[in-house]
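Enquirer: Model the placement of chain B on the given structure of chain A, informed by the hints.
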Amino acid sequence: MAKINQNNIRNFCIIAHIDHGKSTLADRLLEFTGTISEREMEEQLLDTMDLERERGITIKAQAVRMAYQAKDGNDYTLNLIDTPGHVDFSYEVSRSLAACEGALLVIDAAQGVEAQTLANIYIALENDLEIIPVINKIDLPSANPDRVKEELIDIGLDPDDAILTSAKEGIGIEELLERVVKQVPPPSGDKDKPLKALIFDSLYDPYRGVICYYRVIDGTIKKGMKVKMMATKKIFEVDEVGTFRPKMKASKEISAGEVGYMAASIKNVKNAQVGDTITDAENPTDKPLSGYQPAKPMVFCGMYPVDGKDYDVLRDALEKLQLNDASLTFEPETSEALGFGYRCGFLGLLHMEIMQERLEREYRLDLITTAPSVIYNVYKTDGEVLQIENPANMPDAQEIDKIEEPVVEAKILLPDEHVGAAMELCQGKRGQFKNMEYLDEVRVRLTYDIPLSEIVLDFFDKLKSRTRGYATFDYEFNGYQEADLVKLNILVNEEPVDALSCIVHRDFAYDVGKELTKKLKEFIPQQMFKVPIQAAIGHKIVARQTISARRKDVLQKCYGGDVSRKKKLLKKQKEGKKRMKQVGSVEIPQDAFMAVLEIGD
Amino acid sequence: MKEFGLYIHIPFCVSKCYYCDFNSFAAKESLKNRYLAALSQEIKLLAEKYSPKIKSIFIGGGTPTILKGNQIAKILDKCYQSFAIKEDIEITIEANPGTVDKEKLSLIKESGVNRLSFGIQSFSDKMLRKIGRIHTAQEAIDNYHLAREVGFNNISFDLIFALPDQSLEDWQNTLLQACKLKPNHLSTYNLKIEEGTPFYQMLSKGELIPTSEELDLKMYNLTKDVLESKGYQQYEISNFAQKDYDSEHNQIYWKNEPYLSLGAGAHFYDGVGRGYNYSALEEYCQSIEEGRLPVENYQSLTREDELEETMMLGLRLIKGISLKEFEKRFGLSIYDIYNEEINKFSKQNLITITNDRLALTWQGILLANQVLAEFMLT
Numbered sequence: 001m002a003k004i005n006q007n008n009i010r011n012f013c014i015i016a017h018i019d020h021g022k023s024t025l026a027d028r029l030l031e032f033t034g035t036i037s038e039r040e041m042e043e044q045l046l047d048t049m050d051l052e053r054e055r056g057i058t059i060k061a062q063a064v065r066m067a068y069q070a071k072d073g074n075d076y077t078l079n080l081i082d083t084p085g086h087v088d089f090s091y092e093v094s095r096s097l098a099a100c101e102g103a104l105l106v107i108d109a110a111q112g113v114e115a116q117t118l119a120n121i122y123i124a125l126e127n128d129l130e131i132i133p134v135i136n137k138i139d140l141p142s143a144n145p146d147r148v149k150e151e152l153i154d155i156g157l158d159p160d161d162a163i164l165t166s167a168k169e170g171i172g173i174e175e176l177l178e179r180v181v182k183q184v185p186p187p188s189g190d191k192d193k194p195l196k197a198l199i200f201d202s203l204y205d206p207y208r209g210v211i212c213y214y215r216v217i218d219g220t221i222k223k224g225m226k227v228k229m230m231a232t233k234k235i236f237e238v239d240e241v242g243t244f245r246p247k248m249k250a251s252k253e254i255s256a257g258e259v260g261y262m263a264a265s266i267k268n269v270k271n272a273q274v275g276d277t278i279t280d281a282e283n284p285t286d287k288p289l290s291g292y293q294p295a296k297p298m299v300f301c302g303m304y305p306v307d308g309k310d311y312d313v314l315r316d317a318l319e320k321l322q323l324n325d326a327s328l329t330f331e332p333e334t335s336e337a338l339g340f341g342y343r344c345g346f347l348g349l350l351h352m353e354i355m356q357e358r359l360e361r362e363y364r365l366d367l368i369t370t371a372p373s374v375i376y377n378v379y380k381t382d383g384e385v386l387q388i389e390n391p392a393n394m395p396d397a398q399e400i401d402k403i404e405e406p407v408v409e410a411k412i413l414l415p416d417e418h419v420g421a422a423m424e425l426c427q428g429k430r431g432q433f434k435n436m437e438y439l440d441e442v443r444v445r446l447t448y449d450i451p452l453s454e455i456v457l458d459f460f461d462k463l464k465s466r467t468r469g470y471a472t473f474d475y476e477f478n479g480y481q482e483a484d485l486v487k488l489n490i491l492v493n494e495e496p497v498d499a500l501s502c503i504v505h506r507d508f509a510y511d512v513g514k515e516l517t518k519k520l521k522e523f524i525p526q527q528m529f530k531v532p533i534q535a536a537i538g539h540k541i542v543a544r545q546t547i548s549a550r551r552k553d554v555l556q557k558c559y560g561g562d563v564s565r566k567k568k569l570l571k572k573q574k575e576g577k578k579r580m581k582q583v584g585s586v587e588i589p590q591d592a593f594m595a596v597l598e599i600g601d
Numbered sequence: 001m002k003e004f005g006l007y008i009h010i011p012f013c014v015s016k017c018y019y020c021d022f023n024s025f026a027a028k029e030s031l032k033n034r035y036l037a038a039l040s041q042e043i044k045l046l047a048e049k050y051s052p053k054i055k056s057i058f059i060g061g062g063t064p065t066i067l068k069g070n071q072i073a074k075i076l077d078k079c080y081q082s083f084a085i086k087e088d089i090e091i092t093i094e095a096n097p098g099t100v101d102k103e104k105l106s107l108i109k110e111s112g113v114n115r116l117s118f119g120i121q122s123f124s125d126k127m128l129r130k131i132g133r134i135h136t137a138q139e140a141i142d143n144y145h146l147a148r149e150v151g152f153n154n155i156s157f158d159l160i161f162a163l164p165d166q167s168l169e170d171w172q173n174t175l176l177q178a179c180k181l182k183p184n185h186l187s188t189y190n191l192k193i194e195e196g197t198p199f200y201q202m203l204s205k206g207e208l209i210p211t212s213e214e215l216d217l218k219m220y221n222l223t224k225d226v227l228e229s230k231g232y233q234q235y236e237i238s239n240f241a242q243k244d245y246d247s248e249h250n251q252i253y254w255k256n257e258p259y260l261s262l263g264a265g266a267h268f269y270d271g272v273g274r275g276y277n278y279s280a281l282e283e284y285c286q287s288i289e290e291g292r293l294p295v296e297n298y299q300s301l302t303r304e305d306e307l308e309e310t311m312m313l314g315l316r317l318i319k320g321i322s323l324k325e326f327e328k329r330f331g332l333s334i335y336d337i338y339n340e341e342i343n344k345f346s347k348q349n350l351i352t353i354t355n356d357r358l359a360l361t362w363q364g365i366l367l368a369n370q371v372l373a374e375f376m377l378t
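Same order as they appear, the protein sequences are chains A and B. For the first sequence, my numbering assigns the number 1 to the initial residue and increments by one for each residue that follows. For the second sequence, my numbering assigns the number 1 to the initial residue and increments by one for each residue that follows.
None of the hints are false.
Using 30 angstroms as the maximum straight-line C-alpha spacing, the simulated BS3-like pairs for lysine-lysine come out as follows:
1) B/K328 <-> A/K571
2) B/K319 <-> A/K572
3) B/K192 <-> A/K518
4) A/K567 <-> B/K319
5) A/K574 <-> B/K344
6) B/K192 <-> A/K572
7) A/K567 <-> B/K49
8) A/K577 <-> B/K192
9) A/K557 <-> B/K130
10) A/K557 <-> B/K347
11) B/K192 <-> A/K578
12) B/K324 <-> A/K566
13) A/K557 <-> B/K16
14) B/K324 <-> A/K557
15) B/K347 <-> A/K568
16) A/K574 <-> B/K347
17) A/K71 <-> A/K249
18) A/K568 <-> B/K16
19) A/K567 <-> B/K344
20) B/K192 <-> A/K574
Far from chain A, by Cβ distances over 10 angstroms, these chain B residues were calculated:
21) A73
22) K86
23) G231
24) E282
25) S322
26) Y338
27) I342
28) I353
Hints were generated in silico from the structure; no laboratory data involved. The model shown is predicted, which means the values in this text are computed figures rather than measured ones. For glycine and all other residues, C-beta sits at the position ideal for the given N, C-alpha and C.
Here chain A stands alone, though its shape is the one from the complex (with noise of 0.2 angstroms):
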């Protein structure tokens, strides 16, 4: 293989509005180049879990090497680095653009310049990108460039520098590959300096261990050597480095500018986190790159086996996806309720949901999620300082002194028009009111200080609703703050049930004790006895429903002789059965302990 000039390396990122077209333009740049021939392209290739598949998003940040001959006839090596696109992954979309020198920015003709691309424009400027214009989706019927220039305009761009693209068509394809070649600059950084690659992404294999991605800032890395992580301390021998063409590809070496792997059998990402310093572990580097930030997580929840049983299937499971997550934690609990579990924290919901799924589909586990919590401080009578993740063990009310809660700084940016709306989602979730700043004729900055707790009960979804999706959201932890809490608890049947206890603010527990009991009544199905739902703070009753008993349920057509009919009807009974959880003498389904989740709509 020809060394590579480092003048003739192109790093970039493709950052867009969900729907925008994202992954389909990535798969033409990758046929295009010829780095996967027509025959192997699957769609969104990049997005390798079928739950990115599914769902439309990337979760994992992937890296790909393109080999390109521009029009000047030079042979370049373009790196295109795709991000994963949730503000749970703010954190990992950061990083992933400092790996870059250049971003495509993709707007949807039809649909135009959104909340979202502005945010997006943001976080490229943060960190010095080169920016591209493209107007996708050129083909569709609605599409309306013209307009979508005018829109540039407005956030600052020059119109002129757009490039009209169908990435279903495949039209602009050529176009936009001269341009990242011409537009976005060449990596500085020193091939003689000690090494100095930042970590972009991590992921666990099980036979070579993790692989990091990394761009390489200074210096080369190669097969053989000693690595240090800068911030965990670690040091490794590199057992082998290579490029993403798009299946990892070994090399001999990779040196300053260029983007690639590496494995070292490091045992666990905790190892080797997003946003470390790699370097050499003879000849270091001086300073770590900045930006570096440890995974913490931020929300919690109780995950338990439907089947008790499955208790040793679900550790091994969670070990291994914290072995691929430095930001997964979990630790045994129980519930009298639920019986044995763990207690798992996350970045996010989002996060929680994706890991819930994974377990579920992966492992082939039934659980049950607990309604998502964050960590309160308790300062209890006696001096004793608690921190509790899981509402259940809250000490009676007598035994403490105060309570605080971790709040965060959270900032959207959303049209004029639909600030009324967030403002007053912002106070319902107990708010306060920081800043609002508009950032041109249109667009404005709201800056909210909002207990994490209520970020966590769905407050992105809500605010997406309530903005049409125009709102995009960001948050950062901003400390303890102390908050008149109180434990409400939950009793099925005359029975506390501490899986759906929670802890909410005083002035809410009235509203939200009546509503949760009104959902769970919708959640929980008749029973062959009656069954009374109740919310109390202590021993106090505030809220009250019932669910009248079922008392007739029989089949009574005779459907001839077909068997199977009625046969069909048993297992589907017997299958919504299986995935509740006998909790006391009631049968609970396994989304009623999420229907915290779900009041307030």
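Expert: For chain B alone, kept in the frame of chain A given last:
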């Protein structure tokens, strides 16, 4: 020689009732003739395959009595020619009021049919119109008397309750009117709204309000009370009979014994597997015309299938399942398989065990789906 029940399906109707999702069509005479020819051929094919001894025959539909008397007689003649037929066999035909007269009834009687099952459904003209029936209450009564006159001494009524807007009083009137006529047997079903029926469409459009569970329950309780007070004994979830008039054919189903079938869309259980014929007339007829049995689907039963089906069907009988027969059939005690379920439901008073039999209690009957579902093994 192996014994079987035999079900014969006649998929023709004058018009489709609003609740019906059975395989039935309005059809021209020529199509009926082609179908009857196919039936006759199917009898031959079936005889070759199984050489069965037939111990009961049930001609259902659709509306079998839409056929002429001699057409019905021909089917049965062919059966007599081709199968070994048990002595004193019960032969039932479903008859819909409005499709029979004295002459047809006589011909049917002469053909060997000895049991009539009248699709009465209701004795309220208002209800009959509402559910798309073609006859009035009076016509049903007249037909019944004609049947007695020509000598039928085993007559059953089909009745439906929990109809849209039906009051408890209306149902009571239907029950009392039925009893007044003294049929030997009654089948009472609550309305189940099935996909693909006009009622289903009305339901999804909000034009039909389904009967509340509470009223449905009251109607079912009333059925049992009224019929038992008039000398009928409940022997199955939906079936009541005077002494010695339990339907032999239906008991083959409940006891999970084998039955063969003839006709489009008909289901059968040959003791090894379950299957069904093509429901589309064209496919059904074509297959037979080409000399092949018109089976669309057939699956051998696993032991588990057989176990759970024996439970699910047997517990529909009021007397329940004989533990000895169960053991004889499966070589295992019922407790070896269902100990946990039996204990649980006994404690909840949903099933009882007396002497040799395991049966649902009345409470268990009311919640039969909940109980039977747990006897499913997979």
